[in-house]
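The chain contents come next:
Protein chains: 2
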Amino acid sequence: MSQPKIETCFSPSLLHLYDIKNSIVVIIDIFRATSTITTALDNGAISVIPTDSVSHCIELGKQIHNSLTAGERDGKIADGLQHGNSPSEFTKELIENKTLILTTTNGTRLLHQCKEANEIIIGSFLNLSAVCKYLIESKKDVLLACASWKDRFNLEDTLFAGAVYKHVQAHFEMNCDSTRAAHLLYRQAEPHLYEFIQDSSHFLRLSKYGLQFDMEYCCQVDKHNNTIVYKDGKLVKK
Amino acid sequence: MSQPKIETCFSPSLLHLYDIKNSIVVIIDIFRATSTITTALDNGAISVIPTDSVSHCIELGKQIHNSLTAGERDGKIADGLQHGNSPSEFTKELIENKTLILTTTNGTRLLHQCKEANEIIIGSFLNLSAVCKYLIESKKDVLLACASWKDRFNLEDTLFAGAVYKHVQAHFEMNCDSTRAAHLLYRQAEPHLYEFIQDSSHFLRLSKYGLQFDMEYCCQVDKHNNTIVYKDGKLVKK
Chain W
-17 MSQPKIETCF
-7 SPSLLHLYDI
3 KNSIVVIIDI
13 FRATSTITTA
23 LDNGAISVIP
33 TDSVSHCIEL
43 GKQIHNSLTA
53 GERDGKIADG
63 LQHGNSPSEF
73 TKELIENKTL
83 ILTTTNGTRL
93 LHQCKEANEI
103 IIGSFLNLSA
113 VCKYLIESKK
123 DVLLACASWK
133 DRFNLEDTLF
143 AGAVYKHVQA
153 HFEMNCDSTR
163 AAHLLYRQAE
173 PHLYEFIQDS
183 SHFLRLSKYG
193 LQFDMEYCCQ
203 VDKHNNTIVY
213 KDGKLVKK
Chain R
-17 MSQPKIETCF
-7 SPSLLHLYDI
3 KNSIVVIIDI
13 FRATSTITTA
23 LDNGAISVIP
33 TDSVSHCIEL
43 GKQIHNSLTA
53 GERDGKIADG
63 LQHGNSPSEF
73 TKELIENKTL
83 ILTTTNGTRL
93 LHQCKEANEI
103 IIGSFLNLSA
113 VCKYLIESKK
123 DVLLACASWK
133 DRFNLEDTLF
143 AGAVYKHVQA
153 HFEMNCDSTR
163 AAHLLYRQAE
173 PHLYEFIQDS
183 SHFLRLSKYG
193 LQFDMEYCCQ
203 VDKHNNTIVY
213 KDGKLVKK
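Chains as they are written, first to last, in my numbering: chain W, -17 to 220; chain R, -17 to 220.
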């Protein structure tokens, strides 16, 4: 029997090239949406509701009991929201038994573009092993979808795609140069991921806001090992 | 004085993200359009006219005295054209003092999408040093534009972008993850470029047509060291 296929999409602007309807799509936005989502759910959030606009986020915040609104535009807390997009904000004390309503520049937008996917799950270094295990067990075609930065290729999402491929490669058929490149880059980065990533546009951008601590956090492997799926408009632990 | 900027675009579908009007755009289609163009001009072609359709190619072939039509679709000679897109076809004996009218799946299409650029030049490993020298001397912003394969990221065009960046980096400002990734990948590939590239989608695709010889040819560095510019609808040696 032939193996399922694995591919990598480097930018939301390239999504039309892939058959998402028949694939599990792994949404990847390492700095920081998918790292924040992973953290909030591991710390006890009931669910995370991704929204594609600040106004919708605020509106849902008013409607949903026991919820928090959070998000950013261009790396900074968006006006009118209660919290930003820093994973370190969402401690157990803050988020347990609450619903997080989140909107970000890249990650939540990509998620909305992928609504036609067969399944959507969330990928971050924080839950790398859980993602890989789920993909192997599902035996479906996979698209590793990088949120990128405003549609431009970015290094940190690519490295995560390479990390996933490294761990699942024995179980998938692959003929995709994006996946090959991601894997080759990850092989260079793996021994010192956080140092490697410091020479990337997004790191340099977020460093200006003093967010190095956040990014170091996002580079930890398997700190929160849950599978997170998108179901009925909500992200929840599997 | 600040240095000019250098960026890399991995796919024609991402071109809208870049300011091509104020940049020199280097068109990169290693397998095989830009390698064929470089070879034909070095072997004495008067000019190469890139066209975006097979029918237009045939029509121009009838109008222009002493011309040859050539091109491919999906890696094979397109119906109605006299020659394919193999650089080895365009020997001095065949092409000297003739006009080559060329249409290809990716490379000539990208060129037509970049017509608004400040300048357009052609990049291949065959004329790597000439390209780098021209970019350094021009002191303008540069976009390394990969033709890719039907808008999907490809390895060989990316490696060429990385090779250019390696040689010009002291003269440009760079804050572009695509360029960083291309450079990191080229550093891995450089000691054995042809072997490295054999694990790429395009190599595997063209190998099915027995075109390994072509691809080995396209990986030679500085065999035809001319700068090739696009001027008044034609590609000519500078």
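Be aware that one or more of the hints could be misleading.
Which copy? The list can't say, so a pair holds if one copy fits it or any two copies do.
[Said to hold, decoys possible] Below 25 angstroms or equal to it, Euclidean Cα-Cα: the simulated SDA-like pairs (lysine to any residue) are:
id : residue 1 : residue 2
1  : LYS132    : PRO(-14)
2  : LYS74     : HIS174
3  : LYS190    : MET156
4  : LYS190    : GLN(-15)
5  : LYS44     : GLU155
6  : LYS213    : ILE2
7  : LYS220    : ARG55
8  : LYS190    : ASN157
9  : LYS132    : LEU166
10 : LYS74     : LEU(-3)
11 : LYS3      : ILE28
12 : LYS190    : HIS94
To be clear, the hints were calculated from the coordinates, so they are not data collected in a lab.
The hints, checked one at a time:
1. LYS132 <-> PRO(-14): between (30 angstroms within a copy, 22 angstroms between copies)
2. LYS74 <-> HIS174: Neither way: LYS74 and HIS174 sit 29 angstroms apart in one copy and 51 angstroms across, limit 25 angstroms.
3. LYS190 <-> MET156: Answer is between: at 17 angstroms across copies they meet the 25 angstroms cutoff, but 38 angstroms inside does not.
4. LYS190 <-> GLN(-15): Classified as between; 22 angstroms across copies, 45 angstroms inside a copy.
5. LYS44 <-> GLU155: Answer is neither; intra-copy 46 angstroms and inter-copy 46 angstroms both fail.
6. LYS213 <-> ILE2: Classified as within: same-chain Cα gap 16 angstroms, cross-chain 41 angstroms, threshold 25 angstroms.
7. LYS220 <-> ARG55: Intra 29 angstroms, inter 46 angstroms, cutoff 25 angstroms: neither.
8. LYS190 <-> ASN157: Between copies, since 14 angstroms is at most 25 angstroms while 38 angstroms is not.
9. LYS132 <-> LEU166: both (24 angstroms within a copy, 22 angstroms between copies)
10. LYS74 <-> LEU(-3): neither (35 angstroms within a copy, 43 angstroms between copies)
11. LYS3 <-> ILE28: Neither: 27 angstroms inside a copy, 49 angstroms across copies.
12. LYS190 <-> HIS94: neither (29 angstroms within a copy, 39 angstroms between copies)
Checked against the numbered hints given earlier, the structure breaks hints 2, 5, 7, 10, 11 and 12 and satisfies all the rest.
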